[in-house]
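Peer 1: What follows is each chain in one-letter form.
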Amino acid sequence: MTRLKPSLLSNPPLSTFFSSQTLYSHFKINVPQTLLNVLIVVFERHRGSFPLKHLLSKMFVIGVLILVLSGFEVGPARAFDLGSTVQAHGFLTQGYFLTTENRIFGTSDEGGSFDYIEAGLNGSWAPMSDLRLAGQVLFRRAGKGHEHDVELDFGLVDYTVLSTADYRLGVRLGRVKIPFGFYNETRDVLFTRPTILLPQSIYADAQRDLSLSADGGLVYGEYQNNWGNLTFELGMGIPRGKSVDTELGILGSDWPGRTDSKRSYVGRLGYDMLGGKYRVALSSAWVDTRYQPDRLPPDDLSSGKDIFTPIIISAQYNLEKLSLTTEYALRSVKDSGFGEGFDKDIVGESYYLQAEYRFDDHWQAVVRYDVFYSDRKDRNGRKFEALFNSPAHTQFAKDWTIGIRYHLNQSFLVAAEYHAIDGTAWIVPLQDNANLSTLNRYWNLFTLAVGYRF
Amino acid sequence: MIKRYLKRLIIVLAYYLIGVLFPCAVAMPAENRPVVIVNSETVSKLLLSQNALSAIFGMRLRKWEDGSPIKVFVLPDDNLLHVEFSKYILHVFPYQLRAAWDRLVFSGTGEEPVKVMSEQQMRDLVGSTPGAIGYLRGSMIDDTVKAIAFE
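As you go down the protein sequences, you meet chains A and B in turn.
Count along the first sequence from 1, then add 114; that gives the number in my numbering.
Count along the second sequence from 1, then add 5; that gives the number in my numbering.
Since the hints were derived computationally from the structure, they do not count as laboratory data.
Certain hints may be false.
Derived Cβ-Cβ restraints for the label pairs, each shown as a range [as the list claims (entries may be wrong)]:
no.: 1; chain 1: B; residue 1: D71; chain 2: A; residue 2: K419; range: 51 to 59 Å
no.: 2; chain 1: B; residue 1: Y93; chain 2: A; residue 2: M387; range: 44 to 52 Å
no.: 3; chain 1: A; residue 1: W477; chain 2: B; residue 2: H96; range: 32 to 40 Å
no.: 4; chain 1: B; residue 1: L85; chain 2: A; residue 2: A548; range: 27 to 35 Å
no.: 5; chain 1: A; residue 1: H476; chain 2: B; residue 2: D148; range: 33 to 41 Å
no.: 6; chain 1: A; residue 1: S504; chain 2: B; residue 2: H96; range: 51 to 59 Å
no.: 7; chain 1: B; residue 1: L85; chain 2: A; residue 2: E261; range: 45 to 53 Å
no.: 8; chain 1: B; residue 1: A152; chain 2: A; residue 2: V394; range: 58 to 66 Å
A few chain A residues that don't get close to chain B, going by computed Cβ distances all over 10 Å [unchecked claim]:
no.: 9; residue: L206
no.: 10; residue: L212
no.: 11; residue: V264
no.: 12; residue: V275
no.: 13; residue: Y334
no.: 14; residue: N343
no.: 15; residue: G389
no.: 16; residue: A395
no.: 17; residue: I427
no.: 18; residue: G451
no.: 19; residue: Q468
no.: 20; residue: A530
no.: 21; residue: A548
Pairs of lysine-lysine residues, derived as BS3-like cross-links and limited to a Cα-Cα distance of at most 25 Å, are as follows [stated by the list, open to error]:
no.: 22; chain 1: B; residue 1: K50; chain 2: B; residue 2: K68
no.: 23; chain 1: A; residue 1: K448; chain 2: A; residue 2: K419
no.: 24; chain 1: B; residue 1: K120; chain 2: B; residue 2: K68
no.: 25; chain 1: A; residue 1: K356; chain 2: A; residue 2: K448
no.: 26; chain 1: B; residue 1: K92; chain 2: A; residue 2: K435
no.: 27; chain 1: B; residue 1: K92; chain 2: A; residue 2: K391
The C-beta atom is built at its ideal place from N, Cα and C for all residues, glycine as well.
Model the full structure from these sequences, guided by the hints.
Peer 2: In structure tokens, the structure reads:
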């Protein structure tokens, strides 16, 4: 399948979205654009590390801003007469990370890092009931290598072929979000995640680029009966594997050449029972990434191929206050053609067990145990260490997480969590941690985040 | 005086007894229970299946049988009528509805319902928007909207 022309996927003029006049008059969104700008400017100035004593004053400023802005509620989106609807939504998250050892999203081990901002703006237009156009632009800051990432997250045309009370069938074309597991499609939105950091064993931020969205198409369908709701999605497209992170994830270091994605496939089958009391899903993908060398060996690797085929089983049990979630993945990685010592054929394993408890409309707590093994046959990483002379603890990560959330109102959220981690498999080589030998096996992480949405 | 207090005591006890035997009668008078409403002019349907109701408020079914678009209106997530509608008519908790709508909106796979701020606004909008559906307490229904039955 050929790639779609770049013009379809280029960023829409941001000025049309950010004009407060347009926002107010068309969408009745009561967000003073100036205040949002102030927020962005305030956080823009505080790049890099910050001594811990300034943290309190920072939190105070953020707290005041929250109280001021929490007075604003979102008005309803206006529907136009011709039966078409236009909706706009967005989100802004500012995070703070503090680690005892190792670095994540900036210099988190030296007084903490504010180098974490996620912001997005999306729009959806349905000129007819069967046709919808939607797009989302993301801005992200996440430590070294991701200082000002602006990207088109999705830009698609959605056509519903068949639609009755019991059956639905449709197709999406363009840049579509990749559906796998329970959380991947909305992983950049704090409000849709159970914790500030998604379970890294399955939703690794290090491999984020490959799992975000792909240029191609997706067929979706749904069948509903008294027993529940069955859904399926089957997609084909080219993921976004050109980034350095992808190369680091596959090869472990930055070689002179570049990675590029080839046609890949994804599929997900879901089943909801009793209105979502029980949810299960089965996801799988076939991801093809190629390496294009820049120089001849031994200065560079040979042109190799990485085929990644994960399979993920997801299950969730939802009660009024309690939700239990678990996901288990087997991740097959087949690397060939890179050269001696780099080719491999391994199966990794990931799983997590999570419990969320909603005390009331405002307070929520979460506990999770998350496990990642790079290679099922080498769970303690010793074989890897013997072979590559690199620390064994980079091949696994076991994480106990405890977190709490406070919903001020529908639009504001404050979350805090603490991770006790054994293993450094999450750590992106090079970017924030230039030297792997300085990594520490046991490390703790504290993170705080404030989120706004409309 | 004692007679008056006795009378009141008997009324309270009777009310309590009825509440124990017939909890719905006391807890939710019929006219305050949420009722699914549609625009009376343009929506000809009189009966909806539970499937259709779930699919419509879940924003997965977007048009009526005649092909006209369905416009869904809801009250805020913490509104009492919304909570009752969600739990007793849709049989899901409000947080599940919110999670489902958020997934649609932030993945580009759908839209969320239009949020109204009051029951008055709900009635006004459902009554004036072609193909509209929402919910309202029974006592507030007027000519512009009609209650719809479901299995």
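Peer 1: The structure should be examined with respect to each hint, and the outcome stated for every one.
Peer 2: Evaluation of the provided hints:
Under the hint 51 to 59 Å, the C-beta atoms of D71 of chain B and K419 of chain A, about 52 Å apart, fit the expected range. Roughly 19 Å separates the CB atoms of Y93 of chain B and M387 of chain A, a value that falls outside the hinted 44 to 52 Å. Checked against the hint of 32 to 40 Å, the C-beta distance between W477 of chain A and H96 of chain B comes to roughly 25 Å, which is inconsistent with it. At roughly 56 Å, the beta-carbon separation of L85 of chain B and A548 of chain A lies outside the given 27 to 35 Å, and the hint is violated.
Separated by about 40 Å at the C-beta atoms, H476 of chain A and D148 of chain B satisfy the suggested range of 33 to 41 Å. Separated by about 53 Å at the C-beta atoms, S504 of chain A and H96 of chain B satisfy the suggested range of 51 to 59 Å. Separation of L85 of chain B from E261 of chain A is about 46 Å and conforms to the stated range, judged on CB atoms against 45 to 53 Å. Taking the beta carbon of each, A152 of chain B and V394 of chain A are about 36 Å apart, not inside 58 to 66 Å as hinted.
Even its closest Cβ contact with chain B, about 13 Å, leaves L206 of chain A beyond 10 Å, as expected for a residue assigned away from the interface. Every Cβ of chain B is farther than 10 Å from the Cβ of L212 of chain A; the closest lies at roughly 28 Å, confirming the non-interface assignment. Residue placement check: V264 of chain A keeps its beta carbon more than 10 Å from all beta carbons of chain B (closest about 17 Å). With a least beta-carbon separation of about 13 Å from chain B, V275 of chain A lies farther than 10 Å from that chain, consistent with its non-interface assignment.
Its closest Cβ contact with chain B, about 8 Å, brings Y334 of chain A to no more than 10 Å, contrary to its assignment away from the interface. Non-interface call for N343 of chain A relative to chain B: violated, since the shortest CB-CB distance, roughly 8 Å, does not exceed 10 Å. Interface exclusion of G389 of chain A from chain B breaks down, the closest Cβ pair being 4 Å apart, not more than 10 Å. Residue placement check: A395 of chain A keeps its beta carbon more than 10 Å from all beta carbons of chain B (closest about 12 Å).
With a minimum CB-CB distance of about 19 Å to chain B, I427 of chain A clears the 10 Å threshold, and the non-interface call stands. Listed as outside the interface, G451 of chain A is consistent with that label: its C-beta sits roughly 35 Å from the nearest C-beta of chain B, beyond the 10 Å cut-off. For Q468 of chain A, the shortest C-beta to C-beta distance to chain B comes to about 14 Å, beyond the 10 Å cut-off, and the non-interface label holds. Against chain B, the non-interface label of A530 of chain A holds: every CB pair exceeds 10 Å, the least being about 20 Å.
Under the 10 Å C-beta cut-off, the non-interface status given to A548 of chain A relative to chain B holds; the minimum distance is some 34 Å. Using a Cα cut-off of 25 Å, the hinted pair K50 of chain B and K68 of chain B holds, with the two alpha carbons roughly 12 Å apart. With a C-alpha separation of about 8 Å, the suggested pair K448 of chain A and K419 of chain A falls inside the 25 Å cut-off, and the hint holds. Proximity of K120 of chain B to K68 of chain B is assessed by CA-CA distance (about 19 Å); at most 25 Å being required, the pair is judged to hold.
The hinted pair formed by K356 of chain A and K448 of chain A meets the criterion: a straight-line CA distance of about 19 Å does not exceed 25 Å. At roughly 13 Å between alpha-carbon atoms, K92 of chain B and K435 of chain A fall within 25 Å of each other, so this suggested pair holds. A C-alpha spacing of about 12 Å is found between K92 of chain B and K391 of chain A, which places the hinted pair at or below 25 Å, so the restraint holds.
Hints 2, 3, 4, 8, 13, 14 and 15 from the list above are not met by this structure, while the remaining hints are.
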